[in-house]
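Undergrad: Below, each chain spelled out in residue letters.
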Amino acid sequence: MKEKLVLIGNGMAGMRALEELLKITPDMYDITVFGAEPYGNYNRILLSPVLAGEKSIDDIMLNTVEWYKENNITLHAGKKVANVDRKKRVVIAEDGTEEPYDRLLLATGSNPFIIPVPGHNLTGVIGFRDIKDVDTMLETSKSRKHAVVIGGGLLGLEAANGLQIQGMDVTVVHLCDTLMERQMDGVSGKMLQKALEERGLQFLMATQTEAILGDDHVKGVRFKGGLEISADIVVMAAGIRPNIELAKKIGLHCERGVVVNDTMQTYDPKIYAVGECVQHRGDTYGLVAPLFEQAKVCANHLAKLGIGAYQGSVTSTKLKVTGIDLFSAGDFIGDESTEEIVMKDASRGVYKKIVIKDNRIKGAVMYGDTVDGSWYFQLLRDGTDVSEFRDSLIFGQAQIGEAGHGGQNAASAMSAEMEVCGCNGVCKGDIVKAITTKGLFTLEEVRAHTKASASCGSCTGLVEQILSSTVGDYSATPKKKPMCGCTDHTHDEVRVAITQNKLTSITAVRDFMEWRNADGCASCRPALNFYVLAAWPREAQDDPQSRFINERAHANIQKDGTYSVVPRMWGGVTNSTELRALADAADKYDAKMVKVTGGQRIDLFGIKKEDLPSIWGDLNAAGMVSGHAYGKSLRTVKTCVGSEWCRFGTQDSTGLGVKIEKMTWGTQTPHKFKIAVSGCPRNCAEATIKDFGVVCVDSGYELHVGGNGGIHVRATDLLARVKTEEEAMEYCGAFMQVYREEAHYLDRTAPWIERVGLSYVKQRVVEDEAGRKALYKRFLESQEVFRFDPWARQIAEHRDNYIPIKKIG
Amino acid sequence: MSNWIEVGKVTDIPKLGARVVETSRGDIGIFRTADDEIFALRDKCPHKNGPLSQGIVHGKRVTCPLHSWKIELESGEAVAPDVGCAARYETKIENGIIFLTL
Ligand code: SRM
Ligand SMILES: Cc1cc2nc3c(=O)[nH]c(=O)nc-3n(C[C@H](O)[C@H](O)[C@H](O)COP(=O)(O)OP(=O)(O)OC[C@H]3O[C@@H](n4cnc5c(N)ncnc54)[C@H](O)[C@@H]3O)c2cc1C
Ligand code: SF4
Ligand code: FES
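Protein chains in written order, with our numbering: chain E, 1 to 809; chain G, 1 to 102.
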């Protein structure tokens, strides 16, 4: 006999938990669902577009009645649960239906708060919560004229907007003098009010309702001070209260909501709860995204996997009134300890305010132009140090050189055939179709199903816009970002644990930090391998099976499974012997193409895996070694001609480049690391888009860091000016060492510096001389371990790995 | 009936790694898990023919080196939401020697 699971509350959170459960264990339980509403499960947040006539009820169904049948779930739609006998473990509905359970899931949502003024129970006084409310509004709008909405928050304004579009005269009554005071500050609230007034809405601000008038149906509303206006319908949108009526009745511990622990369990171990009815670590939530996270954790525990903990969420909001762009997140009011950056352009109807503390964003509110909302939200969540681009922060991401984010309405302006993801050839139509047919809600799900934004990520902003215009807005994220699905720990936590507890192998880390999957996954293994090697270069053992194939085979895999071979050309300098050896190797191993790379060296393409050891042997014999073109390691040191030949050269850039490459080659780094040395400020070696760049000047050397070509171009920041080559090398080694010791795996120096701040890097590498020397010393020590030619070692020790274990036929 | 072909020793394949058997009809990847289970799949990813034997093995899955699809070693099926299947072959181990049938 299967165990029985009963869900009370057929809404977004409860059903999401069931879907997550079915994904992990399709057959574990006999499932029964009770829902007070007579439908399947629908997307409640899209009730606003339904009211505004932009979508139909069919458009917003998430789980149809057929879906329950197909998944063998018994659905009691239209049956409200009246009681639960916790001793006998039986659920009892109002109509007498009984269902026994082994586990019970409560997801009763919340109720609109109906202000208890005289007349509040007249017909025609409703909340804005479910399909029935929307039906009442649509029905009333057909024959009546006057609507009053009490409450000028998100829900109230969406209701008012819809009613007005349906042809009613709408008055919004609000207690405060600013609309949406929980999401907006005074200025943006006034701008919003003005825009809505232009559309025909009327406002009674700072006004308190005294009574609702009428005999059995509502006729009007009276306010404090005596003003009376007529009304055929009154929508109460003055907030929501967790629906804990049933939970209290059956004796579960409740405060504002049903109290649950981090596993979403109530005080009765057989009973779990998710959604708006829940109170977790003192907080209740009224947006979908956190509820979905709760659902995921809960499903995991219902499946008895016993992993996963809900740790709370940070949320952001947008108003779903078509044509009005508005965004807010975090603490956007601020206090004495915070500073603000404000931009107001009244004629364009644009207002932005960013609240900053210690150079980190604490909150933001934007009206009129919200393109950068998700960017600010990300900076806020990551705690990024913004001091370096603070000057242009308010102008948005486009100003600091990031590409790929169109305007807020760019997505809606696109036709279905237009390509969104250039890497994977995914069009807007494909994405919309996947979202609607497969019921996707999050960016991760869209990535998994369509591959859009799954490669280089530059179209992420667009994909998020398409997502929010199709299913509504779900932006919110966990308080901290775990490394991967195998753990709840962050990259930083793992790095610290490795150093403090001397963990010298991947297995030791996984044991110590209680990894969920015995061998980890393809995402955490390479990171852990790097972290232990970077922390304990002498003690830790490399684990080749935890490296991506390119690093394991020491060549770049190509789309047809062959490899490319790139030997080092120190500083981009070569000679006839090397060229002859390359030409011979190209002939002997039948290279399909010989190409000069963007890194100033030569690439031989189309080499078969089993030939790799031999071609390397031949190149080694000519004095050439691996170029690490495949590695999270030093790639190339590009140089220009410099003072040796060039009429403008100020220093020997070629010579210094060769020296630096000989010092740093083979270094393992969190992501690839590129260096260049230019002989004068004309900068022919493009040193200002490299991770570490040297620009020679008459008085010495300018050292630049944190540049990036690639997906998001970023010019370097000036780190320091030094006089001698020796100093340049010392700063270079010290800089690489901080990056190696502290950055997250797969962070290039550009995003890393943006996160920790240039001033931090300067303090470590420039201002603290003793610290710099210590870093440089650690760098050189680690280099004693890593500065070897991996090709030679592979030929000597691992030749077998390149040949078939057996040939048949 | 079953025609078992001797492939080589279990220890010839690195733990959480793979080697290939070359045949006239293409390569077969032989995978070894952390607890020395052995699986054999045609060395072509159902996505775009990526060589699965070059991927990262974790649990009883391998992540393809080209675009990171995950493939179940036991069935050859791609892990949802990706759809596709790499042909699988029976294997057995006797006294530390791997046998394969085509
Ligand atoms: C061979 C080469 C193209 C060429 O023929 O010129 C190349 C080829 C590849 N690049 Fe590149 N990049 C090459 C120079 C560059 C440059 C130019 C440079 O280094 O001056 C850039 C921009 C500069 C930069 O990195 O900041 C560049 C930015 C990228 C990026 C984007 C990085 C970013 O941070 O946005 C990737 C993707 C990645 O690493 O994740 C990438 C990734 C790749 C990969 C490794 C894609 C892959 O994962 O398979 C390509 C491997 C091809 C192969 O099998 O050999 N390649 N790539 C160049 C090798 C230089 C060398 O001698 O080692
Ligand atoms: C108009 C509107 C717009 C919104 N816009 C957004 C938005 O843009 N972004 C966002 O993130 N969120 C938005 N929300 C909030 C979001 O819809 C809710 O957070 C979410 O639906 C809560 O999910 P839940 O499962 O906890 O509750 P619900 O979805 O309300 O589900 C609870 C269900 O339980 C049923 N039930 C209750 N008691 C019983 C009982 N005793 N027996 C049987 N069944 C019972 C109820 O009838 C209901 O169907 C909006 C909400 C509304 C109403
Ligand atoms: S070489 Fe670089 S730019 Fe060219 S296709 Fe490959 S990754 Fe893209
Ligand atoms: S070929 Fe395997 S994932 Fe693309």
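Be a bit skeptical, because a hint or two may be false.
What the hints assert, rightly or not - One side only, chain E facing chain G, incomplete, derived with CB under 7 Å:
1. Leu204
2. Met205
3. Ala522
4. Asp542
5. Gln558
6. Pro804
7. Lys806
8. Ile808
9. Gly809
What the hints assert, rightly or not - In the BS3-like style, the derived pairs of lysine-lysine whose C-alpha atoms are separated by at most 25 Å in a straight line are:
10. E/Lys806 with G/Lys92
11. E/Lys672 with E/Lys659
12. E/Lys304 with G/Lys60
13. G/Lys15 with G/Lys70
14. G/Lys44 with E/Lys806
15. G/Lys9 with E/Lys806
16. E/Lys23 with E/Lys481
17. E/Lys451 with G/Lys92
18. G/Lys70 with E/Lys296
19. E/Lys433 with G/Lys70
20. E/Lys55 with E/Lys2
21. G/Lys9 with E/Lys807
22. E/Lys592 with G/Lys60
These are calculated hints, taken from the structure and not from any lab test. Where a beta carbon is used, it is the ideal one built from N, C-alpha and C, also for glycine.
Undergrad: If a hint holds in the structure, say so; if it doesn't, say that too.
TA: Against the structure, the hints come out as follows:
no.	hint	in the structure
1	Leu204	50 Å, violated
2	Met205	49 Å, violated
3	Ala522	4 Å, holds
4	Asp542	12 Å, violated
5	Gln558	9 Å, violated
6	Pro804	4 Å, holds
7	Lys806	5 Å, holds
8	Ile808	5 Å, holds
9	Gly809	4 Å, holds
10	E/Lys806 with G/Lys92	16 Å, holds
11	E/Lys672 with E/Lys659	19 Å, holds
12	E/Lys304 with G/Lys60	21 Å, holds
13	G/Lys15 with G/Lys70	18 Å, holds
14	G/Lys44 with E/Lys806	18 Å, holds
15	G/Lys9 with E/Lys806	11 Å, holds
16	E/Lys23 with E/Lys481	23 Å, holds
17	E/Lys451 with G/Lys92	37 Å, violated
18	G/Lys70 with E/Lys296	21 Å, holds
19	E/Lys433 with G/Lys70	24 Å, holds
20	E/Lys55 with E/Lys2	40 Å, violated
21	G/Lys9 with E/Lys807	14 Å, holds
22	E/Lys592 with G/Lys60	36 Å, violated
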